[in-house]
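When you get a sec, could you build the whole thing from the sequences and use the hints?
Under numbering that gives the first Met the number 0, the sequence shown is numbered contiguously, ending at residue 181.
Be aware that a few hints might be false.
Heads up, simulated EDC-like pairs for lysine to aspartate or glutamate below, C-alpha to C-alpha not over 16 Å straight-line [as the list claims (entries may be wrong)]:
| # | residue 1 | residue 2 |
| --- | --- | --- |
| 1 | Lys56 | Glu82 |
| 2 | Lys56 | Glu87 |
| 3 | Lys61 | Glu27 |
| 4 | Lys109 | Glu125 |
| 5 | Lys61 | Glu155 |
| 6 | Lys61 | Glu30 |
| 7 | Lys56 | Glu163 |
| 8 | Lys61 | Asp162 |
| 9 | Lys61 | Glu86 |
| 10 | Lys61 | Glu28 |
| 11 | Lys56 | Glu80 |
| 12 | Lys56 | Asp162 |
| 13 | Lys61 | Glu87 |
| 14 | Lys109 | Glu95 |
| 15 | Lys56 | Glu86 |
| 16 | Lys61 | Glu33 |
So the derived label-pair ranges between C-beta atoms look like this [to be verified]:
| # | residue 1 | residue 2 | range |
| --- | --- | --- | --- |
| 17 | Gly81 | Gly40 | 33 to 43 Å |
| 18 | Pro108 | Ala23 | 27 to 37 Å |
| 19 | Glu4 | Pro78 | 16 to 26 Å |
| 20 | Asp165 | Pro108 | 33 to 43 Å |
| 21 | Lys56 | Val111 | 34 to 44 Å |
| 22 | Glu132 | Tyr52 | 13 to 23 Å |
No lab work stands behind these hints, which were simulated from the structure alone.
Using N, Cα and C, we set each Cβ at its ideal position, and we do this for glycine too.
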Amino acid sequence: MITREQYEEARRRTLEMLEEAGIAVTPEERERIEVADFGLGELERIGLQILTYVNTKRVCAKELVLFPGQTCPEHRHPPVEGEPGKEETFRCRRGEVYLYVPGEPAPDPKAVVPAGREEYFTVRREILLRPGEQFTLPPDTLHWFQAGPRGAVVSEFSTRSRDETDLFTDPEIRRAPEVEGA
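Below, the structure written as structure tokens:
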């Protein structure tokens, strides 16, 4: 859980990073920025800021903002109601992001797995994304990602997003944000 002050400060920083990336945000979109600490209360270390533009039965578009070294924990998007799960493309807009997927582990990974949670970060094939580079994940693919030292802004284009059905490797993760006093 995070405090209302932490939540609002994270939203302010998110807007700054989006502006630095040249991404225009409307007043209505500013109000929709989600701050996810995944129920761990360690937002600077394990968390993600999300602005969803559209999420229909067929498509989804989001901006994902990560503060320096911030990690989105390992998860997958499983099949739901006869659909194969979310297919998503990550396109880096600002900074660097280290994306990890199944495959040959990186010999010298750039990301630092959050201490005390190593057992919940199992895929280690590293894909480095810099501005203008992108990578597409098939449905139901285990993955996690971490921002580089300057943070990162990543556009996500995907099929329908059902965040509430995401399956996280770490059993302590809670996807829905919990804000103290909200």
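Does Lys61 pair with Glu87 here, judged by a C-alpha cut-off of 16 Å? Distance ~10 Å between Lys61 and Glu87 Cα, so the pair holds.
When you check the alpha-carbon spacing of Lys109 and Glu95, does it fall within 16 Å? holds, 10 Å
Does the alpha-carbon distance linking Lys61 and Asp162 stay inside the 16 Å limit? holds, 12 Å
Against the range 16 to 26 Å, how does the distance between the Cβ atoms of Glu4 and Pro78 compare: consistent or not? violated, 39 Å
Taking only the CA atoms, is the gap from Lys61 to Glu33 under or equal to 16 Å? holds, 11 Å
Take the C-alpha atoms of Lys56 and Glu86, compute the straight-line distance between them, and say whether it is at most 16 Å. holds, 13 Å
Is the straight-line distance between the alpha-carbon of Lys56 and that of Glu163 16 Å or less? Holds - the C-alpha atoms of Glu163 and Lys56 are around 15 Å apart, at most 16 Å.
Are the Cα positions of Lys56 and Asp162 separated by 16 Å at most? Distance of about 13 Å is within 16 Å: holds.
Taking the Cβ atom of Glu132 and the Cβ atom of Tyr52, is their distance within the range 13 to 23 Å? holds, 21 Å
Satisfaction of the hinted span 27 to 37 Å by the C-beta atoms belonging to Pro108 and Ala23: About 34 Å separates the Cβ atoms of Pro108 and Ala23, which means 27 to 37 Å holds.
If you draw a straight line from the CA of Lys56 to the CA of Glu82, is it 16 Å or shorter? holds, 11 Å
Holds or violated: Lys61 and Glu155, Cα atoms, limit 16 Å. holds, 5 Å
The structure shown violates the earlier hints numbered 19 and 20.
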